[in-house]
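Participant: Sequence:
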Amino acid sequence: MSSLSIKIDNLYYSTIEREISDFYDMGMIDSSNLPIECLEDTCDTYILIGSKKEGEFNIRIAKQADGKYWLFASPVEKIKQK
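Its first residue numbered 1202, the sequence shown is counted upward by one per residue in the numbering used here.
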């Protein structure tokens, strides 16, 4: 399964959820265990449950020189259809 790699403006959970949900066609995110604001230059595993699909993702965030962030996300296992 392909991995998401995209530049984002902020570290708020809603931004991260939206980018992952759009990329993997998960529908609206109903629930996740992302913190309200993620920390820069971190890597961790989070669960996202959307209206169409759900999955566990390795998420890494790296701060760039321009003040924006690279978001990298890849599923730990195959994303499950609901």
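Fair warning: there could be bad hints in the mix.
As the list claims (entries may be wrong) - Below, computed lysine-lysine pairings styled on DSSO-like, alpha-carbon distance capped at 30 Å:
(1) Lys-1254 with Lys-1269
(2) Lys-1208 with Lys-1283
(3) Lys-1264 with Lys-1208
(4) Lys-1254 with Lys-1283
(5) Lys-1279 with Lys-1254
(6) Lys-1283 with Lys-1269
(7) Lys-1253 with Lys-1279
(8) Lys-1264 with Lys-1254
(9) Lys-1208 with Lys-1279
(10) Lys-1253 with Lys-1208
(11) Lys-1208 with Lys-1254
(12) Lys-1283 with Lys-1264
(13) Lys-1269 with Lys-1208
(14) Lys-1208 with Lys-1281
(15) Lys-1253 with Lys-1283
(16) Lys-1281 with Lys-1253
Don't read these hints as lab results, they were simulated from the structure.
Participant: Confirm or reject each hint.
Facilitator: So, going through the hints one by one against the coordinates:
Distance restraint check for Lys-1254 and Lys-1269: the Cα-Cα separation of roughly 28 Å lies within the 30 Å cut-off, and the hinted pair is therefore satisfied. Of the supplied pair hints, the one linking Lys-1208 and Lys-1283 holds, its CA atoms being roughly 29 Å apart against a limit of 30 Å. The suggested pairing of Lys-1264 with Lys-1208 holds, with an alpha-carbon distance near 10 Å, which does not exceed 30 Å. Between Lys-1254 and Lys-1283, the direct Cα distance comes to roughly 5 Å. Compliance with the 30 Å bound is thereby established for this hinted pair.
The straight-line distance between the Cα atoms of Lys-1279 and Lys-1254 is roughly 10 Å, inside the 30 Å bound, and the hint therefore holds. About 33 Å separates the Cα atoms of Lys-1283 and Lys-1269, which puts this hinted pair outside 30 Å; it is violated. A C-alpha spacing of about 14 Å is found between Lys-1253 and Lys-1279, which places the hinted pair at or below 30 Å, so the restraint holds. At roughly 29 Å between alpha-carbon atoms, Lys-1264 and Lys-1254 fall within 30 Å of each other, so this suggested pair holds.
For the hint linking Lys-1208 to Lys-1279, the alpha-carbon distance of about 24 Å falls within 30 Å, and the restraint holds. At roughly 25 Å between alpha-carbon atoms, Lys-1253 and Lys-1208 fall within 30 Å of each other, so this suggested pair holds. Of the pairs offered as hints, the one joining Lys-1208 and Lys-1254 holds, with about 23 Å between alpha carbons and a cut-off of 30 Å not exceeded. For the suggested pair Lys-1283 and Lys-1264, the alpha carbons sit about 34 Å apart, so the restraint of at most 30 Å is broken.
In summary, the hint linking Lys-1269 to Lys-1208 is supported, as the alpha carbons are separated by about 7 Å, within the 30 Å threshold. Restraint check for Lys-1208 and Lys-1281: satisfied, since their Cα atoms lie roughly 26 Å apart, inside the 30 Å limit. In summary, the hint linking Lys-1253 to Lys-1283 is supported, as the alpha carbons are separated by about 5 Å, within the 30 Å threshold. Under the criterion of a C-alpha separation no larger than 30 Å, the hint pairing Lys-1281 with Lys-1253 is consistent with the structure, at around 9 Å.
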